[in-house]
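Novice: Using numbering that gives the first Met the number 0, you'd call the opening residue of the sequence shown number 0 and step up by one each time.
Since the hints were derived computationally from the structure, they do not count as laboratory data.
The structure displayed is predicted, hence computed values, not measured ones.
One should not assume that every hint holds.
Said to hold, decoys possible - Result set (DSS-like, lysine-lysine): computed pairs, CA atoms no more than 27 angstroms apart in a straight line:
| id | residue 1 | residue 2 |
| --- | --- | --- |
| 1 | Lys-162 | Lys-24 |
| 2 | Lys-35 | Lys-6 |
| 3 | Lys-164 | Lys-147 |
| 4 | Lys-162 | Lys-36 |
| 5 | Lys-35 | Lys-3 |
| 6 | Lys-137 | Lys-102 |
| 7 | Lys-152 | Lys-102 |
| 8 | Lys-117 | Lys-102 |
| 9 | Lys-117 | Lys-28 |
| 10 | Lys-67 | Lys-36 |
| 11 | Lys-117 | Lys-141 |
| 12 | Lys-3 | Lys-24 |
| 13 | Lys-90 | Lys-6 |
| 14 | Lys-36 | Lys-147 |
| 15 | Lys-162 | Lys-152 |
| 16 | Lys-67 | Lys-3 |
| 17 | Lys-35 | Lys-71 |
| 18 | Lys-141 | Lys-36 |
| 19 | Lys-162 | Lys-35 |
| 20 | Lys-162 | Lys-28 |
| 21 | Lys-168 | Lys-141 |
| 22 | Lys-168 | Lys-147 |
| 23 | Lys-137 | Lys-24 |
| 24 | Lys-137 | Lys-117 |
| 25 | Lys-6 | Lys-67 |
| 26 | Lys-90 | Lys-67 |
| 27 | Lys-24 | Lys-90 |
| 28 | Lys-137 | Lys-35 |
| 29 | Lys-162 | Lys-117 |
To be verified - Derived CB-CB ranges, DEER-like:
| id | residue 1 | residue 2 | range |
| --- | --- | --- | --- |
| 30 | Thr-20 | Gln-163 | 40 to 50 angstroms |
| 31 | Asp-62 | Asp-134 | 12 to 22 angstroms |
| 32 | Gly-143 | Gly-73 | 14 to 24 angstroms |
| 33 | Lys-36 | Lys-141 | 28 to 38 angstroms |
| 34 | Pro-130 | Arg-63 | 20 to 30 angstroms |
| 35 | Lys-74 | Gln-163 | 22 to 32 angstroms |
| 36 | Val-172 | Arg-63 | 31 to 41 angstroms |
| 37 | Asp-121 | Gln-50 | 29 to 39 angstroms |
| 38 | Lys-67 | Asp-134 | 33 to 43 angstroms |
| 39 | Glu-34 | Gly-73 | 30 to 40 angstroms |
| 40 | Glu-52 | Lys-155 | 36 to 46 angstroms |
Quick reminder that beta carbons are idealized off the backbone N, C-alpha and C, glycines included.
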Amino acid sequence: MLSKFQKNIFLITAPSGAGKTSLIKNILKYANIREKKIFLSISDTTRAPRQGELNNIDYCFIDRLKFKENIKNGKYIEHAEVHGNFYGTPKANIEQHLEAGYKVILEIDWQGALTILKYYPDAQSIFISPPSLEDLSKRLTKRGLDSKEVILKRIKGAELELKQKDHFKFQIVNNLLDTATENLINIIFKGNNG
């Protein structure tokens, strides 16, 4: 793939609960209002949908057998097991949208982002951090989606994930959603991506 297309790939990574999904929703609204060409890559996953999640909107929810078949057939640019579930990034849609002039956003874990950077070294990598682990714990609890055990597991995972942020070209601390959104808009749409 040509280098000029790679610069339109935006890998957005964050610990669970750091506000990554809210930021991406804000970016999609911004692009829609301003009629900018943007595509959010939808990953395949073997995990069950959370309340309110829709198939082919939030994720493509598939079973393990289908996931393994997709791996065998080379469908994914990257795939990984995260918190006991499999996630994979299909490559066909990414390349089609890049060639059509879209900016492509991938909401992805840090391991997947680093794998994709091997294929697309000029992609823009962005790490979203919570203000603190204590703040992250409060957000996860307030969200009400996970048990206390799962929240503790996610906090432990976040400690490890935060150690990876220096591998990313851009780092945004999501202290205030509006400020973090503006920072992300600047990176994606206003050419502040080096």
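Novice: Measure nothing beyond the straight line between the CA atoms of Lys-67 and Lys-3; if it is 27 angstroms or shorter, mark the hint as holding.
Specialist: violated, 32 angstroms
Novice: Holds or violated: Lys-90 with Lys-67, Cα cutoff 27 angstroms?
Specialist: holds, 16 angstroms
Novice: Are the Cα atoms of Lys-24 and Lys-90 separated by 27 angstroms or less?
Specialist: Holds, because 22 angstroms separates the two Cα atoms, which is no more than 27 angstroms.
Novice: Lys-67 and Asp-134, beta-carbon distance inside 33 to 43 angstroms?
Specialist: Cβ of Lys-67 to Cβ of Asp-134: about 38 angstroms, so the range 33 to 43 angstroms holds.
Novice: Does 22 to 32 angstroms hold as the CB distance between Lys-74 and Gln-163, or does it fail?
Specialist: holds, 26 angstroms
Novice: Is the straight-line distance between the alpha-carbon of Lys-137 and that of Lys-102 27 angstroms or less?
Specialist: violated, 33 angstroms
Novice: What's the verdict on Lys-162 and Lys-152, does the C-alpha distance respect the 27 angstroms limit or exceed it?
Specialist: Given that 27 angstroms is the threshold and the Cα spacing comes to 16 angstroms, the pair holds.
Novice: Could you grab the alpha-carbon distance between Lys-35 and Lys-71 and see if it respects the 27 angstroms cut-off?
Specialist: violated, 35 angstroms
Novice: Take the C-beta atom of Pro-130 and the C-beta atom of Arg-63, compute their distance, and say whether it sits inside 20 to 30 angstroms.
Specialist: This hint is violated: roughly 36 angstroms between Cβ atoms.
Novice: Sort out whether Lys-36 lies within 27 angstroms of Lys-162, counting only the CA atoms.
Specialist: violated, 33 angstroms
Novice: Check the following: the C-beta atoms of Glu-52 and Lys-155 are separated by a distance inside 36 to 46 angstroms.
Specialist: Cβ of Glu-52 to Cβ of Lys-155: about 24 angstroms, so the range 36 to 46 angstroms is violated.
Novice: Check whether the Cα positions of Lys-137 and Lys-35 lie no farther apart than 27 angstroms.
Specialist: violated, 35 angstroms
When each numbered hint is compared with the structure, violations occur for hints 4, 6, 7, 9, 10, 11, 14, 16, 17, 18, 19, 20, 21, 22, 24, 25, 28, 30, 31, 32, 34, 40.
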